[in-house]
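Mapping of the sequence shown onto full-length UniProt numbering: position 185 corresponds to residue 185, and the numbering continues sequentially without gaps.
Note that these hints are calculated values from the structure, not bench results. Here the structure is a predicted model, which is why all the values come from computation and not from measurement. No residue lacks a Cβ here, since even glycine has one placed at the ideal position from N, Cα and C. Be aware that one or more of the hints could be misleading.
The list that follows gives simulated cross-link-like pairs (lysine-lysine, BS3-like), each with its CA atoms no further than 30 Å apart [unchecked claim]:
(1) Lys28 x Lys207
(2) Lys30 x Lys42
(3) Lys246 x Lys207
(4) Lys207 x Lys177
(5) Lys207 x Lys250
(6) Lys126 x Lys250
Label pairs and their in silico Cβ distance ranges [stated by the list, open to error]:
(7) Ser119 x Gln209: 25 to 35 Å
(8) Ile8 x Glu64: 22 to 32 Å
(9) Asn85 x Gly165: 40 to 50 Å
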Amino acid sequence: MVDASYSINFYVDETSSELSESRNEPHKFKIKDNNGKFTINKMIDIVDDIDITEQAEAKTKSNEELFENYDKRLSEENVHIDELNKNIDNYAKEVITNDNNEVEERNPNSRYSGYNASSAVAYARKWAFSKNPGFNYYPDNDCQNFVSQSVYAGGVPGSAYWYNGHKNWTVVPNFFKYINDNGYTYGGTSSSSARVGDVVQLYNSGKAQWSHSMILTSKSSSGAWNYTAHTTDRKDFPLANAYPTKTFTKIRYIKFWH
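With the hints as constraints, model all of the structure from the sequences given.
Right, dumping it as structure tokens:
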């Protein structure tokens, strides 16, 4: 049994100006000895193969526990891939920019125009692989906390109901409700008219709840979105890599006035 981690750096396409990065992604391997020739017999990607809300627990499990039902997991993954392929065109529309200017204003009488998307993106990129000592940090569940910090850096003001450590700051569905109810967003939750600096949230079908948040920080020449996030720490990473998956089956956009 071998524990390993790796980092990835790549450009989405030859015209991309932003380097996509992911660091220290944990893996576990089972190695087989075939008369002195060692081959990888089984592999688990802790990030992509295990529900994001269970990754901390997975790190403490024994190797035997993690590799239980390995063949069943592979079979389920193949079924999932087949389902994705059947609906690939629809999924593609959800992770690509849509420059439709005809948006439905959710709360036209309460608009906040002070959001600076560039500042939010700059903050997210700066702290993508580290923690800002001026804020709380949650090693195994920092995604919404990190997004709130980025949005705060973009100019959304703190309040008695949205501040470092408050559940509206750190919990995915609570953040969504607070930001929407207070007039910082517009245009519903589809990808229509989303822009850099907006936030994306993913729905965990196994948990039956929205459980992951990311901030859009760039897009490829084809219009496909890239995101930056904590848990797992990634910078300018393809959104199509995070959604759809066996874990995350729905997506919604939080689009700010800017």
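A quick look at each hint next to the structure:
| no. | hint | verdict |
| --- | --- | --- |
| 1 | Lys28 x Lys207 | 25 Å, holds |
| 2 | Lys30 x Lys42 | 5 Å, holds |
| 3 | Lys246 x Lys207 | 12 Å, holds |
| 4 | Lys207 x Lys177 | 19 Å, holds |
| 5 | Lys207 x Lys250 | 12 Å, holds |
| 6 | Lys126 x Lys250 | 28 Å, holds |
| 7 | Ser119 x Gln209: 25 to 35 Å | 30 Å, holds |
| 8 | Ile8 x Glu64: 22 to 32 Å | 28 Å, holds |
| 9 | Asn85 x Gly165: 40 to 50 Å | 43 Å, holds |
Figure legend: structure checked against the earlier numbered hints; every hint is met.
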